[in-house]
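Colleague: Residue-level listing of the chains:
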Amino acid sequence: MRRIPTLIAASLFTVAFITTASAQSTITLGMVVGTTGAFAGGEAPLVNGTKLAVEEINAKGGIGGKQIDLVIEDTGSEQTGAINAFNRIVGQEPVAIMNTTLSGFVLSQIAMIKDEGIPTLTGAASAQLSPDRKGIEPLFRIRTNDERVAAAAARFAAEKLGAKNIAVLRINNEYGNGWLRAIEGVLGELKLKPASIESYEGPDRDLTPQLLRIKNANADALIVVGDPPNHVVAVQQIKHLGLCMKVVLSNAGVLPTTLKLYQPDASNGIYGTVDSLPADVPENKEWADRYRKAFNLEPDYSAAEYYDGVMMVAQAIAKVGAGKDAVVKELRSIQNHKGIGNVYSYANKGDGGVSVAIGQIENGKLKLTTTLN
Amino acid sequence: MDTFLQVTLSGVTMGCIYAFVALGFTLTIAAAGVVNFAYSEWVTYGAFIGVTLVSVFGLPLWLALLATVLLCAVMGYAFQWIVFRPLEGRHFLTTVTATIGIAVSMQALATLVWGPYALTLPTFFGSGVVNVAGVSIFPHNILIIATAVVLIGGLQLWLTGTDIGLRLQATAQDPVAARLMGIPIRHMRTFAYCLSAALAGLAGFLVAPLFVVTTTMGFGLMLKGLAATIVGGWGSLKGAVFGGLIIGIIEALGATYVSSEYKDVLSFLIIIIVLLVRPRGLFPEPIAEKL
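Protein chains in written order, with our numbering: chain A, 1 to 373; chain B, 1 to 291.
Misleading hints may appear alongside valid ones.
[As the list claims (entries may be wrong)] Here are some chain A residues the structure puts well away from chain B; computed CB gaps all over 12 Å:
1) T36
2) A40
3) G41
4) A44
5) E184
6) E198
7) A294
8) K329
9) K338
10) K349
[Claimed, not checked] Derived list of chain A stretches under chain B, where covered just means 3 residues or more per stretch with a C-beta under 8 Å from a C-beta of chain B:
11) 206-217
12) 222-235
13) 239-251
14) 317-324
Worth flagging that the hints you see were computed from the coordinates, not collected in a lab. Quantities reported herein were computed from a predicted structural model and do not represent experimental measurements. Beta carbons: idealized from backbone N, C-alpha and C, even for Gly.
In isolation and in its complexed conformation, chain A is listed as follows (with noise of 0.2 Å):
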């Protein structure tokens, strides 16, 4: 019987050692994103992204020896669970975090990622949180700045597009309010005042009113922002109202998945902001492909971006060790990283992505219009 305890005692130790062993032949990367909830759907290309990275690397014998476990915390697409799952993500100690897309829960981690001081990679496109507002030193963006996206999209609609009443349908949120006051910028600066500025909830799902209002405001242009149900819905009450001004699209708008869901009479013609048409470089082929095999899906700039993310943090850590403070470091020195979906600049308060691309839809596919880096 007094034999018991021993025994209890060693296989104790057995396993603490086996996970320590284990613990120190990988290194944790976190992922902080909404896999449940409103945007489940916008965020799984930053999961398949990140995946397709992860995987690579460890199939190359990941960084120093050691695999790379990827660990991710469901948002539940809500701030307060933005929160809460970047705390237990912080429990497991990762190397750097692969944070959610949304600007407005990244806005409300700020002090948190502060505090820990974990490099923090995001595809929040938020002015708010360039380095020379409300960023700080861990955190990168892995995007354009909506700001530079939705002065692009204004410019287009003014210059190559020739119009010149420039209505705005947003969504009533961050992303939406973001938009509105780039588009005022560019528009005040060509003197032209927007034709009409209307807004909508996320879940609605008529916005007929809207687009009425704008209609009789005699607007020529017409730039929707919002996220993927709420351009299908756009998309189609335009067709159905007869409205026939040019149409230009936020970037859930021309998402790959999103493009499944439009009637092709509906979204011929019509345009969209990217940062990128990855699977249009001809030297991304094997990514595209890659990407493809794995998910079953047309890849998009969202999930190359975040493939970037990870491959910019291996190399990091490959060079500086995985000490936080020197990851950080080490990223804050990248100048005109070219990636898959970007090219990335963080050096001297650089902000992130710098590539714009815009394109028209052809029968449910996205064909390039025209770059702006």
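Got chain A; can you put chain B on it based on the hints?
Modeller: Here is chain B on its own, set in the frame of chain A:
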């Protein structure tokens, strides 16, 4: 004038959708005194089941609609056994909390089963639009309005003119007296749950082509359905219909003639005014006092 007619048509369509949701929501309140917050997911599942039957099993739309309604009725029956029967006799808030928990679980399950991406369902009439006197009419909207009129009218006739309808009303108004009169109130409640779930399936299927099918589509609808129920009066089927129509039309007209920014503010202002004037809603029912 064209704008007014167009917006009114759109408001009536949305009002009918809200009325559908409010009707199903009200049925369980009226028959069993249960405020079922999982109703949002019943609507969502109706849409997802419809999409699955059409796009995976290749059923024609009309058959998929019938199958969806039937499957949702079965779901209501299963719910009655698994969820509502064990909760019978518990405090009102216990039931409400349980249904909220189930709604969250069902939403997560939907993501696991159907994936995170939005889906769509084709309409019965294609994507064409009919133009009448400057008003663009999307035939699917007319289908929704016509279905609402037939269904609501039929339900009213059935409730007041048939034996089973009168039994259901008796169960709603006073279950103890109904039981003493020999009415099998458990069967009546089971029937109400099945009917409520069938209505959710119908609503989900019909709104899917307009709304885009997502795991959260039912939640927004249920909030409006809940608002319609409050305006119309807890447990009142007539109130659910009028409440839905009032909210749908006010929202549309407010967004057009006042501001799209204040669309929801206007809706909630209407609710506040109605509740100030008639605290138990437009068509109060005795069941409201029991909740």
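Colleague: Mind verifying the non-interface call on A/E184? Its CB should be farther than 12 Å from each CB in chain B.
Modeller: 15 Å, holds
Colleague: For the region 317-324 of chain A, do three or more residues have a beta carbon lying closer than 8 Å to a beta carbon of chain B?
Modeller: violated (count 0)
Colleague: In terms of Cβ atoms, is chain B entirely out of 12 Å range of A/T36?
Modeller: 5 Å, violated
Colleague: How about the region 206-217 of chain A: do at least three of its residues have a C-beta closer than 8 Å to a C-beta of chain B?
Modeller: holds (count 7)
Colleague: Is it correct that the beta-carbon of A/K329 has no partner in chain B closer than or equal to 12 Å?
Modeller: 36 Å, holds
Colleague: Determine whether the non-interface label on A/A294 survives the test: each CB of chain B must be over 12 Å from its CB.
Modeller: 15 Å, holds
Colleague: Are there at least three residues in the region 222-235 of chain A whose beta carbon sits under 8 Å from a beta carbon of chain B?
Modeller: Answer holds; 4 residues pass the 8 Å Cβ test.
Colleague: Taking 12 Å as the cut and beta carbons as the points, is A/G41 off the interface with chain B?
Modeller: At about 4 Å from chain B, A/G41 fails to clear the 12 Å cut-off, so the statement is violated.
Colleague: Hey, does A/A44 actually stay past 12 Å from chain B on C-beta?
Modeller: 5 Å, violated
Colleague: Test the statement that A/K349 is away from the interface with chain B: the closest C-beta pair must be farther apart than 12 Å.
Modeller: 35 Å, holds
Colleague: Any Cβ of chain B at or closer than 12 Å to A/A40, or is the non-interface label fine?
Modeller: 4 Å, violated
Colleague: For the region 239-251 of chain A, does the count of residues with a C-beta closer than 8 Å to a C-beta of chain B reach 3?
Modeller: Since three or more residues must qualify, the claim that chain B covers the region 239-251 of chain A holds, with 4 doing so at under 8 Å.
Violated hints for the displayed structure, listed by number in ascending order: 1, 2, 3, 4, 6, 14.
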